[in-house]
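Asker: Listed here are the chains, written in short residue letters.
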Amino acid sequence: MELTGAEIAIRCLQEEEVEYVFGYPGGAVLYIYDALFQQETVKHILVRHEQAAVHAADGYARSSEKVGVALVTSGPGITNAVTGIATAYMDSIPMVIISGQVPSFAIGEDAFQEVDAVGITRPCVKHNFLVKDVKDIATTIKEAFYLAKSGRPGPVLVDIPKDISNHKTEFVYPDTVNIRSYNPVGKGDSAEIKRAVQMLLEAKRPMVYAGGGVVLSGAAAQLTELVRLLEFPCTNTLMGLGGYPATDKQFVGMPGMHGTYEACMAMQHCDVLIAIGARFDDRVIGNVEHFAQVPRKIIHLDIDPSSIAKRVKVDVPIVGELKLVLNQLLAELRNSMQRPDAAVLAEWWKQIDEWRVKGGGLSYKNSTEIIKPQFVIEKLYEITGGDAFVTSDVGQHQMWAAQYYKFDKPRRWINSGGLGTMGFGLPAAMGVQLINPDATVACVTGEGSIQMNIQELSTCKQFHLPIKVLSLNNRYLGMVRQWQQFFHGNRYSESYMDALPDFVKLAEAYGHIGVRVEKPSDVEPAIKEAFARKNDLVFMDFKTDPTENVFPMVPGGKGLSEVILAEDL
Amino acid sequence: MRHIISLLMENEAGALSRVAGLFSARGYNIESLAVAPTEDPTLSRMTIVTRGSDAIIEQINKQLNKLIDVAAVMDLSEGKHFERELMLVKVSAEAATREEFKRVMNDFQGRVLDVAGGACTIEFTDTCARLDEFLQVIGRDQILETVRTGASGIGCGERILKL
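In the order they appear, the protein sequences are chains D and F. Under numbering that gives the first Met the number 0, the first residue of the first sequence carries the number 0, and numbering increases by one thereafter. Under numbering that gives the first Met the number 0, the first residue of the second sequence carries the number 0, and numbering increases by one thereafter.
Keep in mind the hints are simulated off the structure, nothing from the lab. Note that the structure is predicted; figures quoted are calculated from it, not measured. C-beta: ideal position from N, C-alpha, C; glycine also. Where hints are given, some of them may not hold.
Claimed, not checked - Using C-beta positions, here's what the derived DEER-type ranges look like:
hint, chain 1, residue 1, chain 2, residue 2, range
1, F, Leu143, D, Asp109, 36 to 42 Å
2, F, Ala35, D, Gly118, 18 to 24 Å
3, D, Thr168, F, Gly13, 54 to 60 Å
4, F, Arg50, D, Asp109, 22 to 28 Å
5, F, Gly156, D, Gln13, 22 to 28 Å
6, F, Leu143, D, Ser492, 55 to 61 Å
7, F, Gly26, D, Ala565, 35 to 41 Å
8, F, Arg110, D, Asp174, 52 to 58 Å
Using the sequences and the hints given, assemble the complete structure.
Answerer: Next up, the structure:
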């Protein structure tokens with residue numbers, strides 16, 4: 000039997016076992032929405048803005064091991080989606096975006112709601128397709144899913160012109176994909192793995208630096224085993240939090256701009272650094288020249304060869320799927336029957352412990368008068384037993400959540416690390432809650448970020464998503480204010496959030512529960528009560544200290560050992 | 000360092016802009032870029048002339064390989080190779096008849112394609128550097144029009160880039 004292109008597209012999603020599609024209808028996708036209407040397997044979540052559709056698909060993917068799917072119309076539909084796509088691209092999130100396009104015969108004529116979707120998204124997708132023949136839809140979607148999840152994952156766009164979605168052909172879903180120009184690597188080179196193990200065994204001041212790749216590759220167990228076997232210190236980047244348990248004694252905290260003192264110092268002064276699924280980002284190692292001043296050997300494991308030796312020189316490059324590479328490394332280590340010299344390692348740990356003392360751990364001066372934002376996160380951690388899925392927006396609250404919520408499991412910490420997209424938190428939480436219906440989902444946000452996608456409170460109401468929103472409302476774009484205080488002579492240019500809405504009333508207007516918390520003593524009861532409401536979305540508006548800053552801090556352009564602690568100021 | 004990079008990519012709409020977009024997005028420079036389908040009509044072969052430090056060139060190679068449409072990449076500069084560029088030059092017919100001009104043209108193995116009206120069109124095939132040299136010897140004043148294809152490159156002997 001012949002099916003229309005639209006029916007084929009939906010059948011493909013069924014074949015890929017897609018449970019939820021996040022989207023927004025419009026002229027160019029009307030046939031696809033019609034096909035969606037006539038089946039029940041693939042459920043559609045109607046968002047209130049296309050950016051949110053993509054963030055929701057993103058949160059869905061990050062908190063599971065699945066490919067997120069978004070469906071948008073042509074023109075403004077796809078341009079609104081671009082921020083979401085770029086967010087997913089920067090953090091290597093597997094995603095398929097299906098966009099409608101004006102009819103193929105109208106392409107290039109500046110038709111109504113026409114935009115060159117493939118051209119606009121090219122720099123922020125792993126790959127994209129414009130489907131020109133209905134016969135190509137099934138293969139293209141099959142390839143899109145394969146590309147999105149294999150190798151270094153990423154978003155893939157499939158642009159389908161309206162007429163193509165109404166043409167008919169036989170539906171055959173291919174069993175396999177064969178793209179001759181695309182062959183992601185599996186295992187790592189065994190000679191390099193031998194070299195790496197030797198280097199690790201001989202290290203005097205070793206350091207494990209693990210990033211988001213560990214989480215994406217599902218290699219947290221392997222990483223944990225390796226770190227424990229070697230008894231080395233381990234740091235997880237912002238994207239890698241949960242890849243190694245944060246409550247473990249070998250964990251030294253997050254590195255980089257707002258990392259712990261001990262993580263920064265150990266990164267800087269180690270003699271052998273093994274980077275696993277991390278990319279020596281500017282927010283992690285700071286100034287490249289400063290970082291290179293200290294000689295150290297670097298072993299770099301990554302699925303993407305272009306991540307290796309991009310910013311720093313690497314001594315042992317190993318390209319491969321991290322889970323497989325780490326298994327190879329573990330096997331090699333066991334076969335060697337050797338372990339690092341305990342006495343040498345003890346010296347290094349002594350140094351690290353000294354740094355731990357000097358850094359003072361993550362600390363802040365609590366108050367009985369005004370709510371400290373860090374205190375809210377600490378209470379959130381305690382009350383949820385460290386077991387919630389936590390999404391965040393971007394800014395100070397994001398850093399405090401990353402610092403004070405100790406993630407012991409991967410895929411629990413959901414944030415826009417690479418692109419730094421404000422407005423990510425709430426829609427991402429929707430995707431997380433849908434794929435983990437019984438889980439506790441918290442969205443840590445601020446009064447600035449939440450307003451970038453606050454309309455999604457409506458989506459949450461429609462689909463009964465009992466997310467707990469914790470807004471650290473300090474009336475400022477806090478991170479901007481912090482930089483203005485430190486580097487721009489206290490000139491707070493446009494960082495004060497004037498004319499804020501009454502968030503409690505706003506939450507209520509959307510049909511949710513809103514709570515304003517103004518006293519430190521009310522923080523714990525408010526969070527407890529909110530999380531006890533299993534079936535409700537509760538919006539908590541915490542009036543927090545507007546002068547609080549995020550510490551430690553490695554100022555932009557500075558080196559890791561130039562980290563500023565709170566008491567330095 | 001100047002590098003000549005050869006690549007094979009899917010002969011599909013958009014593939015060229017993926018490569019060009021990569022260079023502009025990442026701030027790599029392109030001195031020239033030549034592209035046409037191969038004996039296999041599904042594949043295009045591109046020759047890119049670029050400049051950069053060893054680290055940049057390594058990144059360029061890796062980033063090109065990462066493009067889904069790119070099937071194979073070879074840095075021709077890493078070994079023996081041939082580099083040829085086609086240049087068409089138009090000079091005034093009067094200038095072309097001068098002995099001095101004829102001598103230089105012969106040195107550079109130019110071939111007159113056509114003399115019509117007051118203009119003479121000449122074809123040259125050589126390395127980019129030799130073509131630059133010709134233009135310098137003749138001087139801008141003598142030239143009515145120039146068009147160059149950019150370098151095409153191929154490995155020497157059995158250094159073959161093929162799928």
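Asker: Work down the list of hints and note, for each, if the structure agrees.
Answerer: Hint by hint, here is what the structure shows:
1. F:Leu143 to D:Asp109: 36 to 42 Å: Check passed, 38 Å falls within 36 to 42 Å.
2. F:Ala35 to D:Gly118: 18 to 24 Å: 23 Å, holds
3. D:Thr168 to F:Gly13: 54 to 60 Å: Hint violated: Cβ distance 23 Å, outside 54 to 60 Å.
4. F:Arg50 to D:Asp109: 22 to 28 Å: 38 Å, violated
5. F:Gly156 to D:Gln13: 22 to 28 Å: 53 Å, violated
6. F:Leu143 to D:Ser492: 55 to 61 Å: Given a distance of about 56 Å, which is inside 55 to 61 Å, the answer is holds.
7. F:Gly26 to D:Ala565: 35 to 41 Å: For D:Ala565 against F:Gly26, whose Cβ atoms are near 37 Å apart, the range 35 to 41 Å holds.
8. F:Arg110 to D:Asp174: 52 to 58 Å: 56 Å, holds
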